[in-house]
Amino acid sequence: MAAILEVKNLQHTYSPNTPFGHIALRDVSFQVQRGEFIGVIGHTGSGKSTLMQHLNGLLKPDGGQVLLDGKDIWSDKAFTRQCRFRVGLVFQYPEYQLFEETVYKDIAFGPKNMGLKPEEVDRRVKEAAAFVGITEQQLEASPFDLSGGQKRRVAIAGVIAMEPEILILDEPAAGLDPEGREEILSNINAYRKAKNATIMMVTHSMTDVARLADRLLVMNDARLVMDGTPGEVFDRADELVQMGLDIPDITRVFIKLRAMGLDVPQVYTIEQAVQALTSLKGGHSDA
Amino acid sequence: MLKDITMGQYFPGNSPVHRMDPRTKLLLLVGYIVALFTAENLLSYLVVFAFLAITIAISTIPLKSIVSGMKPLVMILVFTGILNIFFTTGEKIAVRFWVITIYWEGIVRAAFMMARILLLITGTFLLTYTTSPIALTDGLESLLGPMKKLRMPVHELAMMMCIALRFIPTLIEETDRIMSAQKARGADFESGNLIQRVKALVPILVPLFISAFRRADELAVAMECRCYHGGDGRTKMKLLRYHLLDFKAFAAGVFMIGAVVALRILGL
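So the protein sequences, as listed, match chains A and B. Take 1 as the starting number for the first sequence in our numbering and just add one per residue. Take 288 as the starting number for the second sequence in our numbering and just add one per residue.
Just to be clear, a hint being listed does not mean it is correct.
With a Cα cut of at most 20 Å, we get these calculated PhoX-like pairs of lysine-lysine [unchecked claim]:
1) B:K435 to A:K112
2) A:K105 to B:K486
3) A:K8 to A:K60
4) B:K523 to B:K435
5) A:K105 to A:K71
Hints in this document: simulated from the structure, not taken from any laboratory.
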């Protein structure tokens, strides 16, 4: 299957030729397949957000290419604009970008910019609102009267309403309570399943990516240093810790158990841990 | 990108110009502006220019940043030049066509006016390039100190200025972020007629205002929590003191002003 998105030797420098200039991306390359759920991890300033802004043509690379369906997104102006709709980007703290009088109008901003018919805009707004759990009543409210978590959901709905094939989220759950976190993450997964969309999620929560992602990209110091399944990445726990990153809590517990001499495999989700422990217990009772 | 605007930004450094007392720099800037408006012939302009050029050389600010900071002012310069060329009358006619007559005096005057604006702004920029906002407001507060006797809220004004300067880069960054976020939803700021373009600003301005108010609110609470209560009895961490360097700078400044005044009196 051909990759839907391909990044080739991407390079980016902020404020070049000034005392503030710094390199944000060095020679980053990877491919994304349709329907994947990719977690992007890396500590603050490692270049994750810069990378994400290249994928829908908000930032222009200093070197290298971003290919959407095999075509360079900067090849012509119309295509760059089209990319913004096909690759939806939800920024960090997206609730700060709300501006309309009603939730409905704010969610409709993206679809309207796409030049869709009013009926189609209406359908998409309602569908997007349903994905993130916004009620019909709330659609007529002012976005500024909602709670923080609800604002966040409206902002995400604003991007989902464009029905992007690739949905990129920069820490969608940052600053939310555990319940809000859980809801937003399951909303995103629901969208992915319904539209067979590709998800790329930047996050600091290793537990979340371990549970949700099929594949992890690890950024460190402007480079892509790891690219693999959560199992492959968390197997290199030492390196992650060295980069100042975390590993899922359960993985840490199991590493400790192994150090104490217990024969357990490497795990990174609660389910795996339960399985491992049950089989261990089973093994003991047999003996 | 918005972030690349260098106008009024502070470039950290350790040159003698950076290390100078902010009061010295402020006073020298005032002197420099006086000299600039006293200057009326080529030679005195050259003196002022030389003073600025030497200061820039000492400051180690790259010429490129200074030039790029000038870009937004090109329109003002061009406008000034055109006005002076067309609306100055004199004796020697340079060009004449249809109803327009251009005099040599106009051309000379336009050149001098443009040079004056350019020197004025570069000099002022150099102050903000080499002085951190905090140092600048400290200097201003200290210089305006005597006005306190006239019940002028000097400390409060300085604090307001300091906060305003401090938040310029933050708000620029914020604007950049909001613009990107709306662009990601297909907002288009670059095409359409004037009305469409103004309308396109709404999705930026509304969130920007809301966030500015939120920041102001948070800052007020934070200041309150640290028991800020204005300038009375407040001490400074960095006491301002004049050093040898400052006296040297003053000497250079006085020399420059003296030269310009002398040239004016002599009518050279």
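Cross-check of the supplied hints:
no., hint, in the structure
1, B:K435 to A:K112, "violated (57 Å)"
2, A:K105 to B:K486, "holds (15 Å)"
3, A:K8 to A:K60, "holds (13 Å)"
4, B:K523 to B:K435, "holds (17 Å)"
5, A:K105 to A:K71, "violated (33 Å)"
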